[in-house]
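Participant: Chain by chain, the residues run as shown.
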Amino acid sequence: GEDVEQSLFLSVREGDSSVINCTYTDSSSTYLYWYKQEPGAGLQLLTYIFSNMDMKQDQRLTVLLNKKDKHLSLRIADTQTGDSAIYFCAEKGSSGSARQLTFGSGTQLTVLP
Amino acid sequence: DAGVIQSPRHEVTEMGQEVTLRCKPISGHNSLFWYRQTMMRGLELLIYFNNNVPIDDSGMPEDRFSAKMPNASFSTLKIQPSEPRDSAVYFCASNRDGNTEAFFGQGTRLTVV
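Chains as they are written, first to last, in our numbering: chain A, 1 to 113; chain B, 114 to 226.
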């Protein structure tokens, strides 16, 4: 079945850029997502990219998609302490029972002062 | 809209007891998902419904787990009997066919002692 993998932890200093990486296996993915989970809360959609795009920028966030290598990344510029959270990569296939999103295990981002 | 509503927010129960988790999806959404989140396994899809019908329950860990969706505005996830290893945060999410985003509830933190 589909698989999405991420590293579990990332620490950066406040003001630096953070880059969270993700790989996936489903070549029929139509949308790829980044969700953010703050402590004690549910997941909230941060941004998404359609599979025919290779980059999307939204203020401090930049999403890069390498469809050939099935690699997705999220770059957060000027990382702040409020960005500390778990970031989930997810992908959505194109047909059948792939209506559900397949999530990675999440990357815990810690922003150090 | 109030978003996806889950209850209770926290549940502590003794091993062997029955536990029922509840979810009210966003009005108009026709897909509903139950996820479990643990430190060891990350976010796992347990089951999803489309138009109140279970489509994929391959993620349900064992027969002790069951889920129902008697109507479009309500779903339950039941564990009977509960075990300490069921301790986790259980999330419900919903979306509408054709939409890209799944909306998550705040989760139910279950502790089985």
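Rather than coming from a laboratory, the hints here were simulated on the basis of the structure. Bear in mind the structure is a predicted one, so any value in this text is a computation, not a measurement. C-beta: ideal position from N, C-alpha, C; glycine also. Do not rely on the hints blindly, as some may be mistaken.
[What the hints assert, rightly or not] Residues on chain B that point at chain A, a partial pick, calculated with CB under 8 Å:
| # | residue |
| --- | --- |
| 1 | G155 |
| 2 | L159 |
| 3 | F178 |
| 4 | F187 |
| 5 | A201 |
| 6 | E214 |
| 7 | G218 |
| 8 | Q219 |
| 9 | G220 |
Participant: Given B/F187 was flagged as interface, is its beta-carbon under 8 Å from a beta-carbon of chain A?
Facilitator: violated, 18 Å
Participant: Hint B/Q219 vs chain A: min CB-CB distance below 8 Å?
Facilitator: holds, 5 Å
Participant: Close enough to count: is the Cβ of B/A201 nearer than 8 Å to one in chain A?
Facilitator: With Cβ-Cβ at 14 Å, over 8 Å, it is violated.
Participant: Would the stated hint for B/G220 survive a check requiring a Cβ distance to chain A of less than 8 Å?
Facilitator: Check passed: Cβ of B/G220 comes within 5 Å of chain A, closer than 8 Å.
Participant: When the nearest CB of chain A is found for B/G218, is that gap smaller than 8 Å?
Facilitator: holds, 5 Å
Participant: Against chain A, with CB atoms and a cut of 8 Å, does the hint on B/E214 hold up?
Facilitator: holds, 5 Å
Participant: Can the hint on B/G155 be confirmed by a CB-to-CB distance to chain A that is less than 8 Å?
Facilitator: holds, 3 Å
Participant: Hint B/F178 vs chain A: min CB-CB distance below 8 Å?
Facilitator: violated, 17 Å
Participant: Taking the closest Cβ pair, is B/L159 under 8 Å from chain A?
Facilitator: It is violated, given that the least Cβ distance between B/L159 and chain A is near 10 Å, above 8 Å.
Of the numbered hints listed earlier, those contradicted by the structure are 2, 3, 4 and 5.
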